[in-house]
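Peer 1: Whenever a hint applies, use it, and build me the whole structure from the sequences.
What follows is the residue order along each chain.
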Amino acid sequence: MILVLSLAIAAAVLFVLLRLLPGDPANALVSVGADPEQIAAARRQVGSDLPLVQQFFQFVSSLARFDLGTSFVSRTSVAADIADRLTVTVPLTLMAFALAVVISVPLGIIAAVKADRWYGAAISVVSQLGIAVPVFWVGILLVALFAVNLRIFPSGGFPASGWADPAAALRALALPTLTIAIVMGASMLRYVRSATQDVVDSDYLRTARALGSGFAEALARHGLRNGAVPVISILGIELATTFLGAVVVERVFTLPGLGSMLLLGIEQRDYPNVQGVLLVTTLVVLVVGFLTDIIQRLVDPRLRYSRRGDGK
Amino acid sequence: MSVATQDDLSGGQKRRLPLTLIVGLILVGLHVAIAALTLFWTPYGPNDMAGMRLEAPSFAHWAGTDRLGRDLFTHIMIGSRIAIQVGAGAVAIGALIGVSLGILAAFATRTLDDALAATFDILIAFPTLLLAMLVVAASDGASLSSAIIALGVAISAIVARLTRILAKRVLEMDYITAARTSGTSWLQIVFIHLLPNIWPTLMVNFALQFGLAVIAEASLSYLGLGAPPPNASWGRLLQEAQGTVYTAPFGAVAPGIALVILVIGVNLLADGLRDYADPTRGRR
Numbered sequence: 001m002i003l004v005l006s007l008a009i010a011a012a013v014l015f016v017l018l019r020l021l022p023g024d025p026a027n028a029l030v031s032v033g034a035d036p037e038q039i040a041a042a043r044r045q046v047g048s049d050l051p052l053v054q055q056f057f058q059f060v061s062s063l064a065r066f067d068l069g070t071s072f073v074s075r076t077s078v079a080a081d082i083a084d085r086l087t088v089t090v091p092l093t094l095m096a097f098a099l100a101v102v103i104s105v106p107l108g109i110i111a112a113v114k115a116d117r118w119y120g121a122a123i124s125v126v127s128q129l130g131i132a133v134p135v136f137w138v139g140i141l142l143v144a145l146f147a148v149n150l151r152i153f154p155s156g157g158f159p160a161s162g163w164a165d166p167a168a169a170l171r172a173l174a175l176p177t178l179t180i181a182i183v184m185g186a187s188m189l190r191y192v193r194s195a196t197q198d199v200v201d202s203d204y205l206r207t208a209r210a211l212g213s214g215f216a217e218a219l220a221r222h223g224l225r226n227g228a229v230p231v232i233s234i235l236g237i238e239l240a241t242t243f244l245g246a247v248v249v250e251r252v253f254t255l256p257g258l259g260s261m262l263l264l265g266i267e268q269r270d271y272p273n274v275q276g277v278l279l280v281t282t283l284v285v286l287v288v289g290f291l292t293d294i295i296q297r298l299v300d301p302r303l304r305y306s307r308r309g310d311g312k
Numbered sequence: 313m314s315v316a317t318q319d320d321l322s323g324g325q326k327r328r329l330p331l332t333l334i335v336g337l338i339l340v341g342l343h344v345a346i347a348a349l350t351l352f353w354t355p356y357g358p359n360d361m362a363g364m365r366l367e368a369p370s371f372a373h374w375a376g377t378d379r380l381g382r383d384l385f386t387h388i389m390i391g392s393r394i395a396i397q398v399g400a401g402a403v404a405i406g407a408l409i410g411v412s413l414g415i416l417a418a419f420a421t422r423t424l425d426d427a428l429a430a431t432f433d434i435l436i437a438f439p440t441l442l443l444a445m446l447v448v449a450a451s452d453g454a455s456l457s458s459a460i461i462a463l464g465v466a467i468s469a470i471v472a473r474l475t476r477i478l479a480k481r482v483l484e485m486d487y488i489t490a491a492r493t494s495g496t497s498w499l500q501i502v503f504i505h506l507l508p509n510i511w512p513t514l515m516v517n518f519a520l521q522f523g524l525a526v527i528a529e530a531s532l533s534y535l536g537l538g539a540p541p542p543n544a545s546w547g548r549l550l551q552e553a554q555g556t557v558y559t560a561p562f563g564a565v566a567p568g569i570a571l572v573i574l575v576i577g578v579n580l581l582a583d584g585l586r587d588y589a590d591p592t593r594g595r596r
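Residue numbers (the numbering used here), protein chains in the order written: chain A, 1 to 312; chain B, 313 to 596.
Please keep in mind that the hints were generated in silico from the structure rather than gathered at the bench. No residue lacks a Cβ here, since even glycine has one placed at the ideal position from N, Cα and C. It is possible that part of the hints are untrue.
For each label pair, taking beta carbons as the anchor points, the in silico distance ranges come out as [as the list claims (entries may be wrong)]:
no., chain 1, residue 1, chain 2, residue 2, range
1, A, Q58, B, T496, 51 to 59 Å
2, A, A122, B, S370, 53 to 61 Å
3, B, P355, A, I39, 45 to 53 Å
4, A, D116, B, D426, 43 to 51 Å
5, B, D486, A, K114, 39 to 47 Å
6, B, I334, A, P106, 26 to 34 Å
7, B, P540, A, W163, 36 to 44 Å
8, B, T489, A, A79, 53 to 61 Å
9, B, P355, A, A122, 34 to 42 Å
Peer 2: Now the structure itself:
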């Protein structure tokens with residue numbers, strides 16, 4: 001299936017890219033003044049002395065067993081590490097995504113329907129601003145405002161006990177969630193507004209109103225489903241982007257999530273960690289895209305019968 | 313031609329349309345001018361300890377100083393140049409590869425076209441920032457050119473997909489069939505009929521990608537994968553200022569404002585170009 005094929009290609013690309021990284025990962029294991037014998041032993045240990053082809057087959061066969069290997073540096077299981085860190089990244093992503101949807105969908109519809117009022121125009125202008133702002137800068141500004149001046153939320157970090165203390169964990173995730181939601185919400189808002197605009201301008205809505213429906217009724221009955229199709233595809237992309245945006249935001253708030261694991265892995269040349277994180281993120285992106293397709297077909301029966309077309 | 317009627321139809325918004333274009337041009341022009349200026353002159357040397365540590369903004373230091381006492385405004389000005397280099401470089405690479413591959417796919421046989429289209433989709437699914445992180449990490453030491461190349465490659469997939477869709481739409485037109493039957497070579501079709509038709513839409517996309525590339529490079533620099541000084545970008549300035557946000561909040565604000573002005577400028581430019589190229593398009 002396409003999903004499996006895409007993941008296989010992504011895995012191969014990752015493998016090649018990672019071997020292009022300069023420096024032997026074995027260097028991470030030995031101290032600076034190590035003699036050649038120690039280095040050779042370290043290379044044997046991490047397997048970087050084997051020919052590339054052999055390394056690749058080992059990689060593929062362990063993937064098939066859902067084994068992501070062990071970290072070169074910490075000697076812990078990569079899969080377990082990832083599972084541990086997902087307890088930070090997944091709640092962060094889902095909360096931010098939910099908040100962004102709650103902000104953007106109503107505001108987007110208002111911006112389109114009330115485009116001639118001052119508040120409709122104001123929403124559009126503010127959303128324009130929102131897509132020009134890097135997510136980490138929003139994070140820094142929120143820290144300056146809420147953590148430094150108002151002292152409402154912590155400026156970073158995550159309780160060592162994790163979710164054992166849910167209130168503390170939620171407090172730690174409050175500012176990061178808000179950060180992602182603001183930036184994602186602004187970009188989603190633009191798509192919702194544009195989709196609603198198409199619906200409002202459509203012939204079928206005019207016909208429905210000519211037949212006696214009120215504007216709100218016509219919009220709810222005929223507009224919602226039609227407008228939802230393009231919006232759902234965008235929401236799918238945005239959910240994946242939110243997940244990735246977490247990489248940067250976790251750095252701003254020093255959260256022990258997937259993003260910080262990736263950055264640390266790159267710094268330490270810890271191939272198995274980098275590889276594992278990238279595979280999991282790619283998998284998430286692909287699965288979300290796949291689910292988006294299915295939901296779209298459920299909402300719009302016309303899509304069930306047409307094969308992939310060009311454009312929209 | 314219906315040019316006159318189109319102008320009449322859009323009469324209500326006619327005064328509005330150039331406004332986005334003009335404001336966009338002013339904002340981008342400002343940055344271009346500053347970037348050009350840094351080639352000859354900056355208020356202080358980038359490495360001069362020109363003042364005290366973490367000074368607040370003043371007449372001598374418009375944006376204050378950083379924690380080593382260097383003039384922040386000087387670094388923000390240099391950041392303009394870096395950002396424009398990144399945006400222009402990445403878009404140029406992306407446009408060159410993307411437009412070529414997109415047109416190739418549109419002209420190609422069914423199988424090749426499908427293969428290329430699938431490749432574009434997979435590349436697009438692979439997140440730009442992660443791709444850029446890997447490429448930057450793979451090159452020896454973080455440098456500006458590795459970031460530009462990585463972002464350019466990521467942009468090329470997006471441009472290629474767009475070009476392919478646009479080109480296929482044009483190639484179905486009767487005048488293309490007419491040109492083909494009258495013996496026009498495919499090179500001539502590309503340059504005389506195809507490119508002029510899809511160029512306006514592509515330009516709009518290039519402007520948007522420029523803004524995204526600037527943001528992506530700032531993120532890379534913020535994560536510590538950007539070019540080191542004296543080529544420090546706004547992202548790096550922000551990362552350094554984050555540590556002193558308690559004592560000198562202005563340093564964490566000013567580089568961000570410069571970045572937002574540039575990105576909004578290019579976005580407005582894109583909006584203006586789109587409306588200019590297609591006056592019948594409604595207000596969106």
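Peer 1: If any of the earlier hints don't hold here, list their numbers in rising order.
Peer 2: 2
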